[in-house]
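Novice: Sequence:
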Amino acid sequence: MTQQETIAIERMDGSAAARAEAEFRLIYAEAFAEPPYHETEDDVAAAFLRFPSQTLKHAFRAALARTGDGEPVGMAYGFPLAPDTVWWDELTEPVPDDLRREDGHRTFGLMELAVRGPWRGQGIARRLHETLLDGLGAERVMLNVHPGSKAPAAYRAWGYRKIGEARPLGTGTDLRHVMLLDLR
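Numbering-wise, the sequence shown is residues 1 to 184 according to our numbering.
It is worth saying that the hints were derived from the structure and are not from the lab. Treat the numbers as computed from the prediction; the structure is a model and nothing was measured. Errors might be hidden in some of the hints.
Label pairs and their computed distance ranges (CB to CB) [unchecked claim]:
hint, residue 1, residue 2, range
1, Ser-15, Glu-165, 20 to 28 angstroms
2, Asp-98, Pro-118, 42 to 50 angstroms
3, Gly-68, Asp-98, 44 to 52 angstroms
From the three backbone atoms N, C-alpha and C, an ideal C-beta is built for every residue, glycine too.
Produce the complete structure using the sequences and hints provided.
Specialist: Below is the structure:
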């Protein structure tokens, strides 16, 4: 890997992402094995039990970054939050009803964004983010991020603001920052 290496970003729909699941899994496993996440093989397997059903969701979209040789180096994916989403219920403090209102189109949930270590610091995460959101009809993007990582600073630089903290339901994971990006 060199700084001059060309990285191609491909936007995908759900069926294309499902076919590339092994590449998404490889990136996820490597990126989230590091501190502060410390995800194990079992954690990765659990996360990717959901991936096939996520790729079937309405308006699922993904972006995959590869080197010129086809090596996967980064990924992002998400889908619009459903009217009955539990994301708002995971917040540790309530937010106003007008903020938590969902209609299946209003909020795009950014489920994952990751770049493998050797390719970080080259703007790939930002390119993945831009590719994923290009042409998106949502009013806003919401995500959960580990506060001990470098990611919250990047998201703030891209215009996100913290709206609260959450612990994903049914997990013993650390609190996450919940961040929102207004698109309009």
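Novice: So, against the hints stated earlier in the document, which numbers end up violated here?
Specialist: 1
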